[in-house]
Each structure stands twice: as C-alpha cells, then as structure tokens.
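K.L.:
Put together the whole structure using the sequences plus the hints.
Below are the chains, spelled out letter by letter.
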Amino acid sequence: MMLVTVMPLGAQTRLGGSIRANPPSGPVPRLPDGKPDMTGVWLGGLPVGDISTALPKGETMPIRPEWKKKMDAFQATDDPQAHCLPLPPPRFTPYPWRMVVTPAHTFFLYEMYDWRQVFMDGRKHPTGDDLDPTWKGHSVGRWEGDTLIIDTVGYNDKTWFDNKGWPHSDQLHLVERYTRTDLGTMKVEMTIDDPVAYTRPFTVTGQARLMPKEELVEYICDENNQDAPYLQGAKP
Amino acid sequence: MKQLACVITAVVLAAATQPASAHHSFAAQYDAKQHVALKGVVTKVEWTNPHARFYIDEKNDQGEVTSWNFEMASPNVLLRNGWKRTSLKIGDQVTVTGYLARVGPPAGPKMAIAESLTAADGTKMFASTATDLSR
Numbered sequence: 189m190m191l192v193t194v195m196p197l198g199a200q201t202r203l204g205g206s207i208r209a210n211p212p213s214g215p216v217p218r219l220p221d222g223k224p225d226m227t228g229v230w231l232g233g234l235p236v237g238d239i240s241t242a243l244p245k246g247e248t249m250p251i252r253p254e255w256k257k258k259m260d261a262f263q264a265t266d267d268p269q270a271h272c273l274p275l276p277p278p279r280f281t282p283y284p285w286r287m288v289v290t291p292a293h294t295f296f297l298y299e300m301y302d303w304r305q306v307f308m309d310g311r312k313h314p315t316g317d318d319l320d321p322t323w324k325g326h327s328v329g330r331w332e333g334d335t336l337i338i339d340t341v342g343y344n345d346k347t348w349f350d351n352k353g354w355p356h357s358d359q360l361h362l363v364e365r366y367t368r369t370d371l372g373t374m375k376v377e378m379t380i381d382d383p384v385a386y387t388r389p390f391t392v393t394g395q396a397r398l399m400p401k402e403e404l405v406e407y408i409c410d411e412n413n414q415d416a417p418y419l420q421g422a423k424p
Numbered sequence: 017m018k019q020l021a022c023v024i025t026a027v028v029l030a031a032a033t034q035p036a037s038a039h040h041s042f043a044a045q046y047d048a049k050q051h052v053a054l055k056g057v058v059t060k061v062e063w064t065n066p067h068a069r070f071y072i073d074e075k076n077d078q079g080e081v082t083s084w085n086f087e088m089a090s091p092n093v094l095l096r097n098g099w100k101r102t103s104l105k106i107g108d109q110v111t112v113t114g115y116l117a118r119v120g121p122p123a124g125p126k127m128a129i130a131e132s133l134t135a136a137d138g139t140k141m142f143a144s145t146a147t148d149l150s151r
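Top to bottom, those sequences are chains A and B. The first sequence: position 55 = 243 (the working numbering), numbered continuously. The second sequence: position 38 = 54 (the working numbering), numbered continuously.
For the record, the hints were derived by calculation from the structure and aren't laboratory data. Just so you know, not all the hints are guaranteed correct.
[Claimed, not checked] Within a straight-line C-alpha distance of at most 25 angstroms, the following computed DSS-like cross-link-like pairs (lysine-lysine) qualify:
1. B:100 with A:401
2. A:223 with A:256
3. A:401 with A:258
4. A:346 with A:223
5. A:423 with A:324
6. B:49 with A:423
7. A:352 with A:375
8. B:49 with A:352
9. A:324 with A:256
P.N.:
Structure below.
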C-alpha cells in the first residue's frame, strides 16, 4: 500500500517520455515538398540568463554607454517577466515551445505566456504610420534552403533580451534563422540590429532540443502573481 | 559548522536556481541566509501560475500557530516532476525546508519558497525550480 502513495520523483513529459532524456537522433524529417518539417515541441534556443554568452568567442555586447547605464539601473521589479508581460525572442524561457509552419503562416506557441504569428505569404512589413510598435513586432518569414528565416521590425522598447536585462530600442530589427540539423536538434541563430542601443549588428547562436512525447501545458501567469510587489534590489 | 553547511546549501541552491528560474530570480525575492525548516499541516493549496503555493499552519510547543505561504515551481514544472494537482491535500502533515522572503506581505502568512517538501510517510516531493526542465 505504501508504494501506491509514493510520488514518483522521475521527471516525465506529458505523454510519458523523460524530460531529461537526450534528444533523439536521426535524419531531418521532411515534408512532401522536400522542406524540413519543423513541427514539434522544442526546449531551449538561446540562453535564458544572459544572451551575451551566446556571442562568438571573444565578442562582447556592442551596447552604447548610455544604454549600458540604463541597463545597470534596472531593478528586479523592472523585468517584464515579473509582471507576466511578453518575452519575445531573442528572449527564451526554461519552458517548451511549439513551432507550426504552414504555407501562409508560421506560428510559435510558447508555453510561458504567449504566441507569435509570422506571415509567410510574401508580404512586406508595413511602413510609416502603419507600423505600430508592439511587444512582438511584425514578422515575415521565408525559406532559404533548409533554413527558415524570420524578419521582424515594429517593436516597442519594453522587452528585454534575457533575465540579465540587455535592453533595446523601438528600432530593433531582428533576423531569426531556424535550421533543423537533425531529428532532435534545431539550430537557432539571431542577428540583432538596433542602431540606437548598439553600435553594430551582432549575432547570437544556440540550439533547441526536441522533446518527444511532450505537449504544452497551460500557463496563465496573471492568475496568482503574488511575487511582483516583493521583488527587491538590482538585476543579477 | 551546521550554520556553515546551511550557508553552503543556500549558496548552492541560489546558484542552481538562478539559471533555470522562470518568472523571477531567487535572489530578488528570497534571502539565501534565512533558511527555514518546519513541520505543519496543509491548510490550502493553490494550483496556480506563475507559482503553485501551499499554506501550512505550524504549531509550536506552546500551542501557538504560525501560518506560512510557500512558493513552489509552476504547475507545468510540477506536473513534469511527478505531481498531480491532488498530490498535496488540505490536512496533510508535511515537513518543509526553504527560504524566507526578503520582504513579504505586512500581514497574513509568512512568505517563503519551498526547497524540499516531505510527506508524513517520508515521501520526498519535488518542490521548486532548482531542477526543473533544465538538465
């Protein structure tokens, strides 16, 4: 009887896999039209804590001094995450996300908080007054060989790149490159161009791993956020 | 020596929690120097985001009751670490270790984060984010 009450400490996915298993290996799955099938539940992408660790070796973040000063003044309670606000790329979370590519759209479903839509129909970004600054920006996507490229502009300046708080202006232009390099691995490369906050464009690289037998769990951040009023001190 | 071990544990926990933490950093809300260890009876369970919480009443030898509000990981992480929504029930006797909030609500239960949670039958239950989805 005792055994019945014992809670397994094993760490399992929602459909019975192991959350700590190595990603499966094998060839890139392909759709009938020959393009890589990006479908799946993925974990990871870029570092959650500090994206500067994903720069090429020896590089540092080319942030302008006045923006570094602004960043250094951030308090823990300034983090959008603490208030359940969006965390769009290049920010990642420790939770999984699903990618769905269709001829008209690519959708990202992030377990923590949010979704994104990417227009795949060849349209251009709106310009001038038609481009409203938003949390997630305006995204258009296209294939280049086996790589899905997503181009986004039209951001507000309220999000951070990671837990550390690397900031950006509303002139951010993000180019994301997703390449499924084998069955279980997605290479993620992001080029950040923000001439207001940074002196030059820079590229950060990471990877996500497939989580087989996994599905997304609902995460409604606002329902019981007791933490925000009690966060103390500067960001790590 | 015991104190030193406690501090070492705290530093290790803080370091382990930080990279994997979602929603807020450990250090911003909890004090790694204020370790707590207590036994009590569960009075409420909140299966909510961004964190699941359980509330317990701790009774001292004089019969005085202290109420606690313990933060755990979020339900998605708990589910992936062996929990069901019904794993912890009102009336359960539990042993908890954790860390006190730097600043908590001025009234009501004391706010803390659970580091370990042990049921009355000795079953150790996953509690917080130190070992969530990150490997």
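K.L.:
Each of the hints needs a verdict: does it hold here or not?
P.N.:
Here is how each hint holds up against the structure:
no., hint, verdict
1, B:100 with A:401, "18 angstroms, holds"
2, A:223 with A:256, "41 angstroms, violated"
3, A:401 with A:258, "43 angstroms, violated"
4, A:346 with A:223, "35 angstroms, violated"
5, A:423 with A:324, "23 angstroms, holds"
6, B:49 with A:423, "19 angstroms, holds"
7, A:352 with A:375, "23 angstroms, holds"
8, B:49 with A:352, "23 angstroms, holds"
9, A:324 with A:256, "23 angstroms, holds"
When held up to the earlier numbered hints, the structure conflicts with 2, 3 and 4 and fits the remainder.
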